[in-house]
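Student: In case you want the letters, here they are:
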Amino acid sequence: AQKVTQAQTEISVVEKEDVTLDCVYETRDTTYYLFWYKQPPSGELVFLIRRNSFDEQNEISGRYSWNFQKSTSSFNFTITASQVVDSAVYFCALSPYNNNDMRFGAGTRLTVKP
Amino acid sequence: DTAVSQTPKYLVTQMGNDKSIKCEQNLGHDTMYWYKQDSKKFLKIMFSYNNKELIINETVPNRFSPKSPDKAHLNLHINSLELGDSAVYFCASSQEVMRAVNTEAFFGQGTRLTVV
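Protein chains in written order, with our numbering: chain A, 1 to 114; chain B, 115 to 230.
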């Protein structure tokens, strides 16, 4: 069984603050994919990152960074120097390597205030 | 060109009606999905089709029936609509995992269904 937990339902920060969104997952698979998606107020789902379970290197893309720790089954997402445009619901997701059964966490609503 | 397109974007209908939401992808992907997003933003998988065959069918009322006429289309038919069906429905597609290193799901813009 797969499960993705995003314990933070809502986070509110002031612009330029750093913020970390937590994601903890459960799976019996030894290989799998982890994802982060962004859903801005306009409603579409925007792909941010995919990580393979066998690649634990952290990744940085501009103000975004991801910390994958297989030992703690976590895939946390940090936004540095947050901006108002970062306000959105962020979803973490998990997909087994051998099928397309992608499961999402409940999402974290991030509000960045000016 | 939109990679995954679903229509309509908004759908308001009365209880008891039957309605369909269409989804098409032009990415050449093998797998398509339907997700339901409720008022609390929780995204739940409903169905997954791979090469026109159903591979995932979560606990969804049988009033919901997916139809895949070909690999590029996965339509969602809903019979006898109920108030609780009100939600945003997302269609998505991805390449089949075993044959593609780069796997991500591409989502449509969502269909907001309101049952009154």
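Hints in this document: simulated from the structure, not taken from any laboratory.
Hints are supplied without guarantee of correctness; some may be wrong.
[To be verified] Cross-link-like lysine to aspartate or glutamate pairs, in silico, DMTMM-like; alpha carbons within 25 Å at most:
{"id": "1", "chain 1": "B", "residue 1": "155", "chain 2": "B", "residue 2": "138"}
{"id": "2", "chain 1": "B", "residue 1": "136", "chain 2": "B", "residue 2": "218"}
{"id": "3", "chain 1": "A", "residue 1": "38", "chain 2": "B", "residue 2": "199"}
{"id": "4", "chain 1": "B", "residue 1": "150", "chain 2": "A", "residue 2": "26"}
{"id": "5", "chain 1": "B", "residue 1": "154", "chain 2": "B", "residue 2": "172"}
{"id": "6", "chain 1": "B", "residue 1": "154", "chain 2": "A", "residue 2": "26"}
{"id": "7", "chain 1": "B", "residue 1": "155", "chain 2": "A", "residue 2": "55"}
{"id": "8", "chain 1": "B", "residue 1": "158", "chain 2": "A", "residue 2": "10"}
{"id": "9", "chain 1": "A", "residue 1": "38", "chain 2": "B", "residue 2": "132"}
{"id": "10", "chain 1": "B", "residue 1": "123", "chain 2": "A", "residue 2": "56"}
{"id": "11", "chain 1": "B", "residue 1": "158", "chain 2": "A", "residue 2": "44"}
{"id": "12", "chain 1": "B", "residue 1": "150", "chain 2": "A", "residue 2": "10"}
{"id": "13", "chain 1": "A", "residue 1": "113", "chain 2": "A", "residue 2": "17"}
{"id": "14", "chain 1": "B", "residue 1": "158", "chain 2": "A", "residue 2": "17"}
{"id": "15", "chain 1": "A", "residue 1": "38", "chain 2": "B", "residue 2": "144"}
{"id": "16", "chain 1": "B", "residue 1": "166", "chain 2": "B", "residue 2": "218"}
{"id": "17", "chain 1": "A", "residue 1": "16", "chain 2": "A", "residue 2": "101"}
{"id": "18", "chain 1": "B", "residue 1": "181", "chain 2": "A", "residue 2": "44"}
{"id": "19", "chain 1": "B", "residue 1": "155", "chain 2": "A", "residue 2": "101"}
{"id": "20", "chain 1": "B", "residue 1": "154", "chain 2": "B", "residue 2": "184"}
{"id": "21", "chain 1": "B", "residue 1": "166", "chain 2": "B", "residue 2": "184"}
{"id": "22", "chain 1": "B", "residue 1": "150", "chain 2": "B", "residue 2": "132"}
{"id": "23", "chain 1": "A", "residue 1": "3", "chain 2": "A", "residue 2": "17"}
{"id": "24", "chain 1": "A", "residue 1": "3", "chain 2": "A", "residue 2": "56"}
{"id": "25", "chain 1": "B", "residue 1": "158", "chain 2": "A", "residue 2": "26"}
{"id": "26", "chain 1": "A", "residue 1": "3", "chain 2": "B", "residue 2": "132"}
{"id": "27", "chain 1": "B", "residue 1": "154", "chain 2": "A", "residue 2": "86"}
{"id": "28", "chain 1": "A", "residue 1": "16", "chain 2": "A", "residue 2": "59"}
[Said to hold, decoys possible] Reference excerpt, derived from the structure (chain A facing chain B, CB under 8 Å, subset only):
{"id": "29", "residue": "47"}
{"id": "30", "residue": "51"}
{"id": "31", "residue": "85"}
{"id": "32", "residue": "104"}
Glycine included, every Cβ here is placed at the ideal spot set by N, Cα and C.
Student: Give a verdict on every hint.
Tutor: Hints versus structure:
A hinted pair counts as satisfied when its Cα atoms are at most 25 Å apart, and residue 155 (chain B) with residue 138 (chain B) qualifies at roughly 23 Å. A hinted pair counts as satisfied when its Cα atoms are at most 25 Å apart, and residue 136 (chain B) with residue 218 (chain B) qualifies at roughly 21 Å. For the suggested pair residue 38 (chain A) and residue 199 (chain B), the alpha carbons sit about 24 Å apart, so the restraint of at most 25 Å is met. Distance restraint check for residue 150 (chain B) and residue 26 (chain A): the Cα-Cα separation of roughly 22 Å lies within the 25 Å cut-off, and the hinted pair is therefore satisfied.
The hinted pair formed by residue 154 (chain B) and residue 172 (chain B) meets the criterion: a straight-line CA distance of about 19 Å does not exceed 25 Å. Straight-line distance between C-alpha atoms of residue 154 (chain B) and residue 26 (chain A) comes to about 22 Å, which keeps the hinted pair within the 25 Å bound. Using a Cα cut-off of 25 Å, the hinted pair residue 155 (chain B) and residue 55 (chain A) is violated, with the two alpha carbons roughly 30 Å apart. Proposed proximity of residue 158 (chain B) and residue 10 (chain A) is supported: the alpha carbons are some 19 Å apart, at most 25 Å.
Among the hinted pairs, residue 38 (chain A) with residue 132 (chain B) is inconsistent with the structure: their alpha-carbon atoms are about 32 Å apart, more than 25 Å. Simply put, residue 123 (chain B) and residue 56 (chain A) have alpha-carbon atoms about 38 Å apart, too far for the 25 Å limit, and the pair is violated. Taken as a hint, the residue 158 (chain B) and residue 44 (chain A) pair is honoured in the structure, with Cα atoms around 15 Å apart against an allowance of 25 Å. Using a Cα cut-off of 25 Å, the hinted pair residue 150 (chain B) and residue 10 (chain A) holds, with the two alpha carbons roughly 21 Å apart.
For the suggested pair residue 113 (chain A) and residue 17 (chain A), the alpha carbons sit about 10 Å apart, so the restraint of at most 25 Å is met. A hinted pair counts as satisfied when its Cα atoms are at most 25 Å apart, and residue 158 (chain B) with residue 17 (chain A) does not qualify at roughly 31 Å. Only pairs whose Cα atoms come within 25 Å are accepted, and residue 38 (chain A) paired with residue 144 (chain B) is accepted, the gap being roughly 24 Å. Only pairs whose Cα atoms come within 25 Å are accepted, and residue 166 (chain B) paired with residue 218 (chain B) is accepted, the gap being roughly 19 Å.
Restraint check for residue 16 (chain A) and residue 101 (chain A): not satisfied, since their Cα atoms lie roughly 36 Å apart, outside the 25 Å limit. For the hint pairing residue 181 (chain B) with residue 44 (chain A), the CA-to-CA distance comes to about 23 Å; that is within 25 Å, so the pair holds. Restraint check for residue 155 (chain B) and residue 101 (chain A): the C-alpha separation of about 19 Å stays at or below 25 Å, so the hint holds. Taking the CA atoms of residue 154 (chain B) and residue 184 (chain B), the gap is about 33 Å. The hint is violated against a cut of 25 Å.
Restraint check: the Cα-Cα separation between residue 166 (chain B) and residue 184 (chain B) comes to about 6 Å, which is no more than 25 Å; the hinted pair holds. For the proposed pair residue 150 (chain B) and residue 132 (chain B), the alpha carbon gap of about 17 Å is at most 25 Å, so the pair holds. At roughly 30 Å between alpha-carbon atoms, residue 3 (chain A) and residue 17 (chain A) are farther apart than 25 Å, so this suggested pair is violated. Pair hint residue 3 (chain A) plus residue 56 (chain A) holds up; C-alpha atoms about 20 Å apart against a cutoff of 25 Å.
The hinted pair formed by residue 158 (chain B) and residue 26 (chain A) meets the criterion: a straight-line CA distance of about 16 Å does not exceed 25 Å. Under the criterion of a C-alpha separation no larger than 25 Å, the hint pairing residue 3 (chain A) with residue 132 (chain B) is inconsistent with the structure, at around 33 Å. Of the supplied pair hints, the one linking residue 154 (chain B) and residue 86 (chain A) holds, its CA atoms being roughly 19 Å apart against a limit of 25 Å. Under the criterion of a C-alpha separation no larger than 25 Å, the hint pairing residue 16 (chain A) with residue 59 (chain A) is consistent with the structure, at around 20 Å.
Against a cut-off of 8 Å between C-beta atoms, the interface hint on residue 47 (chain A) holds, since the closest Cβ of chain B lies about 5 Å away. Hint status for residue 51 (chain A): violated, given a least beta-carbon distance of 11 Å to chain B, over 8 Å. Because the beta carbon of residue 85 (chain A) sits about 19 Å from the nearest beta carbon in chain B, more than 8 Å, this interface hint is broken. Annotation: interface hint on residue 104 (chain A) holds; nearest CB of chain B at approximately 4 Å, less than 8 Å.
The structure fails hints 7, 9, 10, 14, 17, 20, 23, 26, 30 and 31 (numbered hints given earlier, in ascending order).
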